[in-house]
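Undergrad: With the hints as a guide, dock the two chains, each given alone in a separate frame, to form the complex.
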Amino acid sequence: MSLEELAFLVLAVIALVTAAAALLVRELVHTILWVAIFFVDLAAIYFLLEAPFLGVLQLGVYAGAVTVLLLFGVMTTRKRIFAREAVTGIGATPLALALITFVFLVSALGELGTSEQPIRSYDPSYLSTNLFQTNGPWLLLLGLIMLASVSGSIYLVREGRE
Amino acid sequence: MTTTLVLSGFLALSAGLLGISIFGILTRRNFILLLISIEIGMNAAILNFVYFAAFSGASTGLTGQAIAVVLIGFAATEIAVGLAIVLALNRLKGTINVAQSNELKL
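Chains as they are written, first to last, in the numbering used here: chain R, 1 to 162; chain P, 163 to 268.
In isolation and in its complexed conformation, chain P is listed as follows (with noise of 0.2 Å):
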């Protein structure tokens, strides 16, 4: 299949996401939403392994998919530990505020 598309495009959607990415981690205090800034990073990188293996004009290109494969398992198990993490926080101090978790600050 020929297409018009070019990978710079694509790239630039990615710098775009890190970006959002990087604000979320930067400005958010809620745990859940450090975790989807996290996430939306993640997914961005995921994304890169995807464009090159597309673009690429050999079939080792195809490892990029594999490696696809094994980062979305990767991040999905970030999530389920990331949300035991603040269940186990909302039982300990009644908040998932993370300005509020200092406990491990000199």
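The shape of chain R in the complex, shown without the other chains (with noise of 0.2 Å):
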């Protein structure tokens, strides 16, 4: 086993597992802490799929800035903050659904073949290039979509609002 089939093998690992414990978990606060592990983890996988420019912005936008709203949500929502959750239970039906769903996936894979690629990994600056170039104007579609969310938002939370 090369090292890096290694390295994916226990990154792969370290997400399924801190996902699943991020659901699980009692306590709102906790789940923040497996999700920004979660976070960290995707972006170590961005890196080893020689994504850097990706790996960086997923540690920025994700594990920094997300994180930390969904710790202002918890603080600003409950009196304690480490309260727990009342107990949901898995419940068989979601379980099968989610199963099937994964099974259903992973049994399509088989269609792909088993021809090895090498990873490819590009440059920066022709990742700059085909974003403010190529897809330009979705670029700048989505600065006036997070403008819209950022209006919509102060709009919902704002004072004196019934």
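Source of the hints: derived by calculation from the structure; they are not laboratory data.
For each residue, glycine too, the CB sits at the ideal point set by N, CA and C.
Each hint should be verified, as a subset may be incorrect.
Partner residues aside, some chain R positions facing chain P, computed with beta carbon under 10 Å [claimed, not checked]: (1) Leu9; (2) Val35; (3) Ile37; (4) Leu54; (5) Val61; (6) Val66; (7) Leu70; (8) Phe72; (9) Thr77; (10) Leu95; (11) Leu97; (12) Ile100; (13) Leu139; (14) Val150; (15) Ile154.
TA: So this is what it looks like as structure tokens:
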């Protein structure tokens, strides 16, 4: 087993375990800590896939901003931050649906074939050219949507609104 | 750089994450946990774009990374709006349990 394969196996197991733990623990703050580890782990997978720009973006946006935003959400909606959630149980039907989805998708992987292709690394300057020239309009649209969402969020949480 | 990693292993990881996400969406009643479940599913989808960008032989594979950048922005936006809804819901009902927010039910 090569070093890359070992790294991928470890990262994949950490991703699956932290994602499951985030949804199964009863304290919301612990959930957010597990999710933070999950996001950092995904950033490591991006680095493994030779996408360092995306890895840094994942660390900044997800592991940084989104985690802090979620923590603020917990802090502003609870009297005791470490209060436990009521037990909601696992439920046989949701578990079965999740397993069916997983098995269905994994069984479709056989269609891909087994041709091994090396991971391709890109120069980040080509990515910026692709992002700002080829896909420039989409990036502009993203900016407009983000602006609209910020306005909408402020409208939703502003004082005096009934 | 030549590695022995294969695409199907990565795709199986994404399928597992999507399964966990679906399980969370169907079982959790707390709005913040629902948002986190949706984020896990969204990350599974973003990972797929990066896999195919990394394993495609052509230079057009970069489009996959560009789409991933845009999707990460969308996901952050979605969290911001979702948390605004959480705060509004908490102010209005005193709880963020989605099972108790049933005004729109027929």
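Undergrad: Using 10 Å as the Cβ threshold, decide whether R/Leu97 counts as touching chain P.
TA: 6 Å, holds
Undergrad: With a cut-off of 10 Å, does the beta carbon of R/Ile100 approach a beta carbon of chain P closely enough for the hint to hold?
TA: With a minimum Cβ separation of about 9 Å from chain P (threshold 10 Å), the hint on R/Ile100 holds.
Undergrad: Measuring from the C-beta of R/Ile154 to each C-beta in chain P, is the shortest one below 10 Å?
TA: 8 Å, holds
Undergrad: Is the interface hint for R/Leu70 satisfied, with its Cβ closer than 10 Å to some Cβ of chain P?
TA: Hint on R/Leu70: holds, closest Cβ of chain P at ~6 Å, below 10 Å.
Undergrad: Does R/Leu9 pass the interface check with chain P, least Cβ-Cβ distance below 10 Å?
TA: 8 Å, holds
Undergrad: Was the hint right that R/Ile37 lines chain P, CB cutoff 10 Å?
TA: Check failed: Cβ of R/Ile37 comes no nearer than 13 Å to chain P, outside 10 Å.
Undergrad: Any CB of chain P closer than 10 Å to the CB of R/Leu139?
TA: R/Leu139 check passes; min Cβ-Cβ to chain P is 7 Å, inside 10 Å.
Undergrad: Does the interface hint hold: is R/Val35 within less than 10 Å of chain P, judged Cβ to Cβ?
TA: This hint holds: R/Val35 lies near chain P, its Cβ roughly 6 Å from the closest one there, short of 10 Å.
Undergrad: Identify whether the interface hint at R/Val66 stands, where standing means a beta carbon of chain P within less than 10 Å of its own.
TA: 5 Å, holds
Undergrad: Would the hint on R/Val61 stand, with a C-beta cut-off of 10 Å toward chain P?
TA: Cβ of R/Val61 sits 5 Å from chain P, so the hint holds.
Undergrad: Would the hint on R/Leu95 be counted as holding, given a Cβ-Cβ threshold of 10 Å to chain P?
TA: 6 Å, holds
Undergrad: Would you settle whether the hint for R/Leu54 is holds or violated, based on the nearest Cβ-Cβ distance to chain P being less than 10 Å?
TA: Holds, about 6 Å.
Hint compliance for this structure: hint 3 alone is broken.
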